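Trainee: Produce the complete structure using the sequences and hints provided.
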Amino acid sequence: MSIIMDVMKTAVRLAPGSWLPGGTPDPLMNKHGLIGKPASRIDGPLKVQGKARFAAEVSLPGLVYASLLYSTIARGRIATLETAEAEAAPGVALVMTYRNAPRMAPPPLMMSAPKAAGASGLPIMQDAEIRWNGQPVALVLAQTQEQADHAVSLIRVTYAVAPAVTSFDAAKAKARTPENILGEPSSIEIGDAEKALKDAAFKVDLIYRTPRHNHNAIELHAATVAWNGDQLTVHDATQMVNGTAWTLAQVFGVKEEQVRVLSPYVGGGFGGKGLGDHQILAIAASRLSGRPVRILLSREGVYRVVGGRTTTEQRVALGAKPDGTLAALIHTGVAATPTRNVCPEQFSFPARHLYAANAIKVAQQVTDMDMLANIFMRAPGESVGTYALECAIDELAEAMQLDPIELRRRIEPEKDPTSGTPFSSRHLVEAYRHGAERFGWDRRDPTPRSRREGEWLIGMGCATATYPYYRMPGGAARIRLTADGRAIVQMASHEMGMGTATVQAQHAAERLGLEYEKVSFEYGDTSLPSGTLAGGSSQTASIAAAIIAVSEVLTKELLKLAGNDSPLAGLKPDEVEARDGGLCHVDEPGRFESYVSILKRAHRDELVCEAEAPQPFEMWKYSMHSYGAQFCEVRVNAVTGEIRVSRFLGSFDCGRILNAKTATSQFKGGIIMGLGLALSEETLFDERSGRIMNPSLAEYHVPVHMDVPAIEVIWTDIPDPHSPLGAHGIGEIGITGVGAAVANAVYNATGKRIRELPITLDKLL
Amino acid sequence: MNFTINEHSYEAELDNRTSLLDLLRNHLGFTGTKKGCDQGACGACTVLVDGERINSCLALAVQYQGRAITTIEGVGTAGEMHALQRAFVEHDGFQCGYCTPGQICSAIGMADEIKRGVPSAVTEHVAAHNIDFSNEEIRERMSGNLCRCGAYNGIVEAVRETFAEELAS
Numbered sequence: 015m016s017i018i019m020d021v022m023k024t025a026v027r028l029a030p031g032s033w034l035p036g037g038t039p040d041p042l043m044n045k046h047g048l049i050g051k052p053a054s055r056i057d058g059p060l061k062v063q064g065k066a067r068f069a070a071e072v073s074l075p076g077l078v079y080a081s082l083l084y085s086t087i088a089r090g091r092i093a094t095l096e097t098a099e100a101e102a103a104p105g106v107a108l109v110m111t112y113r114n115a116p117r118m119a120p121p122p123l124m125m126s127a128p129k130a131a132g133a134s135g136l137p138i139m140q141d142a143e144i145r146w147n148g149q150p151v152a153l154v155l156a157q158t159q160e161q162a163d164h165a166v167s168l169i170r171v172t173y174a175v176a177p178a179v180t181s182f183d184a185a186k187a188k189a190r191t192p193e194n195i196l197g198e199p200s201s202i203e204i205g206d207a208e209k210a211l212k213d214a215a216f217k218v219d220l221i222y223r224t225p226r227h228n229h230n231a232i233e234l235h236a237a238t239v240a241w242n243g244d245q246l247t248v249h250d251a252t253q254m255v256n257g258t259a260w261t262l263a264q265v266f267g268v269k270e271e272q273v274r275v276l277s278p279y280v281g282g283g284f285g286g287k288g289l290g291d292h293q294i295l296a297i298a299a300s301r302l303s304g305r306p307v308r309i310l311l312s313r314e315g316v317y318r319v320v321g322g323r324t325t326t327e328q329r330v331a332l333g334a335k336p337d338g339t340l341a342a343l344i345h346t347g348v349a350a351t352p353t354r355n356v357c358p359e360q361f362s363f364p365a366r367h368l369y370a371a372n373a374i375k376v377a378q379q380v381t382d383m384d385m386l387a388n389i390f391m392r393a394p395g396e397s398v399g400t401y402a403l404e405c406a407i408d409e410l411a412e413a414m415q416l417d418p419i420e421l422r423r424r425i426e427p428e429k430d431p432t433s434g435t436p437f438s439s440r441h442l443v444e445a446y447r448h449g450a451e452r453f454g455w456d457r458r459d460p461t462p463r464s465r466r467e468g469e470w471l472i473g474m475g476c477a478t479a480t481y482p483y484y485r486m487p488g489g490a491a492r493i494r495l496t497a498d499g500r501a502i503v504q505m506a507s508h509e510m511g512m513g514t515a516t517v518q519a520q521h522a523a524e525r526l527g528l529e530y531e532k533v534s535f536e537y538g539d540t541s542l543p544s545g546t547l548a549g550g551s552s553q554t555a556s557i558a559a560a561i562i563a564v565s566e567v568l569t570k571e572l573l574k575l576a577g578n579d580s581p582l583a584g585l586k587p588d589e590v591e592a593r594d595g596g597l598c599h600v601d602e603p604g605r606f607e608s609y610v611s612i613l614k615r616a617h618r619d620e621l622v623c624e625a626e627a628p629q630p631f632e633m634w635k636y637s638m639h640s641y642g643a644q645f646c647e648v649r650v651n652a653v654t655g656e657i658r659v660s661r662f663l664g665s666f667d668c669g670r671i672l673n674a675k676t677a678t679s680q681f682k683g684g685i686i687m688g689l690g691l692a693l694s695e696e697t698l699f700d701e702r703s704g705r706i707m708n709p710s711l712a713e714y715h716v717p718v719h720m721d722v723p724a725i726e727v728i729w730t731d732i733p734d735p736h737s738p739l740g741a742h743g744i745g746e747i748g749i750t751g752v753g754a755a756v757a758n759a760v761y762n763a764t765g766k767r768i769r770e771l772p773i774t775l776d777k778l779l
Numbered sequence: 195m196n197f198t199i200n201e202h203s204y205e206a207e208l209d210n211r212t213s214l215l216d217l218l219r220n221h222l223g224f225t226g227t228k229k230g231c232d233q234g235a236c237g238a239c240t241v242l243v244d245g246e247r248i249n250s251c252l253a254l255a256v257q258y259q260g261r262a263i264t265t266i267e268g269v270g271t272a273g274e275m276h277a278l279q280r281a282f283v284e285h286d287g288f289q290c291g292y293c294t295p296g297q298i299c300s301a302i303g304m305a306d307e308i309k310r311g312v313p314s315a316v317t318e319h320v321a322a323h324n325i326d327f328s329n330e331e332i333r334e335r336m337s338g339n340l341c342r343c344g345a346y347n348g349i350v351e352a353v354r355e356t357f358a359e360e361l362a363s
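As they're listed, the protein sequences go chains A and B. Heads up: the first sequence runs through residues 15 to 779, numbered per the working numbering. Heads up: the second sequence runs through residues 195 to 363, numbered per the working numbering.
Think of the hints as simulated: they come from the structure by calculation, not from any bench. All of these numbers come straight from a predicted model, not from anything done at the bench. One or more of the hints may lead you astray.
Under 7 Å between C-beta atoms, here's a sample of chain A residues computed to sit facing chain B [unchecked claim]: (1) 54; (2) 61; (3) 66; (4) 233; (5) 718.
The calculated EDC-like cross-link candidates involving lysine to aspartate or glutamate, where the alpha carbons are at most 16 Å apart (straight line), are [stated by the list, open to error]: (6) 51(A) <-> 531(A); (7) 129(A) <-> 271(A); (8) 65(A) <-> 318(B); (9) 65(A) <-> 274(B).
Just so you know, even glycine gets a beta-carbon here, dropped at the ideal spot from N, CA and C.
Mentor: Given below as structure tokens:
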């Protein structure tokens, strides 16, 4: 990290909170009008009627279909490549390989520039080099998908194989400490944790292993692309429209303004819908052929070119004093990564912020493997990090004969244990109390195997959920206030099912004092003011901050426009508030003028304002995180080892909840993906060949209807005084802690500690 | 080739390899039917053929001439959504909305199977005439329709509310 950044961070930490942008709490955070209401999704009717148009459903005249051929080796060079038969096949418009692909710059690696979106920074189809098993080696365009797929089968490739590092065990032996982990230090040591552990009255020292995972959004990755001269239009399925546009501009040597990316609906993302090789190859093929191109990856194709969560091996060691406080907290380990990659699976992040301990040691390493680049997947790091940490807490509690919730209460910190900064809002103990009460935790017998119904052993477990609060810099919003008293709010943001347009329409209506029906939110198009990515659970706060900023500008402009003939004459922006479709004096509600009247008197059809959100300094000043307590009841068949989750409850502390209906769905969705992580999901990676062996939904088992009981979700709804709307993003926290809650319940049911995910029945027999 | 989709007739020049799913999406513009795996594992492509639910990705279009095909575009009417569609919105039975058309078509086919007395793996008596429209029956019978966003609870609520009421009346 640069010295300037360090100095700025220190300055922000020392500055009084009220100096910072948003330093005074958002007045809307305690308002119970539209905010928090369980409004149904604005786009619901379109989606249930099949009318929402996804990326692969945009029709363009002269469209051709793309199909990809993938390498079958992990490292080496293409030795021979025969394409003549494919070129001659019916309907084929183009066969593209490294020999004829246009020259393209490698996509700038994520985090190397504000809008860089490249996952690996590797060149794409520029040479004969093979860098992972599954790398695209040829692309065919044809009149129909069937013709393109068939032609791909006619291409003959041979390889000169080079030695590859595809074994995690071999790579682990040469693991290295990266410069940083997503901008945070790779390791932190406070005191001598190893010595404190050795001397501790109670201790656990354990290794946990977690496998690779794939996002498996049901919508396959797709793009429909077209060039018009040097203007490029990309109908994409992406969580980062602006990042994609900027990065494509670098790759193809055009200006960012010449690239328009549209992505109004995304059929699930979970971190996996970014910029991959497939869009770039389709765009290159479109340029080469002069035709609009549609690429829709096959399910196997998604596994070959879009990475997922990587495998980890983690050590958690905890030493406790007789009073139940921690003398030592150690969380170290290694994640499998290729050499150039920015997704190190930050499993050590939770241990940096969750619990008080006299001595702390966290450290993360990475490897240099010849494999597909990892891509962030829902709560990257925290999902598998909480599995290890929260299982170890459960094991320690048992060693101390202490209730695991009571242990967590005793190690609750007063300030951030590693940074020393104050928490902006932390009510984890309260979340546990509510959750335990509601779930009936007092009915749990701490002795394993003590509850049985026929063949079924029944157990309960709990674990802490945690995920950071992030707000991304660089987003701007526009408001078009029209003469009929409607507001259109615009920002190039994303909707993958979070309810973005619904929630931000609720927000903007409350902020502007308008009826909900009079506000709409437009997004998913780079022709709108630049948004930030939908990732890191950051989008809600990032959009909210931009809307707050533009609302302030709008108020100023309205007061100017109102002039001296208005009841508002002479008032300053901080003396008015928005209400009933207009502005009024804060203390004299009679001094009011409606937006319609202001615009009418000024002979204006509309008033358009735009503003950028302030820098997210709150993240430097405070330790900002969301929390939760996950409770699970499992039934394990004593004969077959079959595991069934019979009850699940999540009790969350994530600031203000903005829409009770969509928030419930997001929490549940995270929990369900967590059930998959706990019990069934595993991307099988052949350590000999570096090839993914189960690239299909038939062999990668995501939870289905029958695996999911009725889940209960509750929340504290306590606003965070330092975030816009008092809210935190909630897309990722749901999955955290679930793996441990299930594992701890399985232990309570069976007496078996499973320290390697997924917890399949063979591990219980 | 001639196809009957949502009670209308359509002509298409087709490659024999074309799946019913690709016919609908790529050739006739019925993009409400979704492709999630193209190998019968996710259920996103579910449509009704003569009232029965099938994975359209596993069906060759050429075999479905002269059959009554219903897609999501044919569920409900132009002016009014089907009760199940309204219930999906009300119970938030989706997030991204991509698996939703398949879930809805599948649920309509499934409800008919229960009414006809077709047993499932969780039906207590295989020969029972009146099968309960229970959550367990719904979950078992809908397990071929994956939802990665995890809207399963809302889907079950929407399906039960819609068809349990219909069955009772």
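Trainee: Quick one, is the residue 718(A) hint okay against chain B at 7 Å, beta carbons?
Mentor: Hint holds; residue 718(A) Cβ to chain B Cβ min 4 Å, cut 7 Å.
Trainee: Take the shortest C-beta to C-beta distance between residue 233(A) and chain B; is it under 7 Å?
Mentor: Hint holds; residue 233(A) Cβ to chain B Cβ min 4 Å, cut 7 Å.
Trainee: Is the hinted pair residue 65(A) and residue 274(B) satisfied, with a Cα-Cα distance of at most 16 Å?
Mentor: Answer holds: residue 65(A) to residue 274(B) is near 14 Å, not above 16 Å.
Trainee: For the pair supplied as a hint, residue 51(A) and residue 531(A), confirm whether the alpha-carbon distance does not exceed 16 Å.
Mentor: holds (14 Å)
Trainee: Decide if the proposed pair is consistent with the structure: residue 129(A) and residue 271(A), CA atoms, cutoff 16 Å inclusive.
Mentor: holds (13 Å)
Trainee: Does residue 61(A) pass the interface hint, meaning its C-beta sits closer than 7 Å to a C-beta of chain B?
Mentor: holds (3 Å)
Trainee: Restraint: residue 66(A) near chain B, CB-CB cut 7 Å. Satisfied or not?
Mentor: holds (5 Å)
Trainee: Mind checking the alpha carbons of residue 65(A) and residue 318(B) for me, to see if they're no more than 16 Å apart?
Mentor: violated (39 Å)
Trainee: With a cut-off of 7 Å on the beta carbons, see whether residue 54(A) makes it to chain B.
Mentor: holds (5 Å)
Checked against the numbered hints listed earlier, the structure breaks hint 8 alone; every other hint is satisfied.
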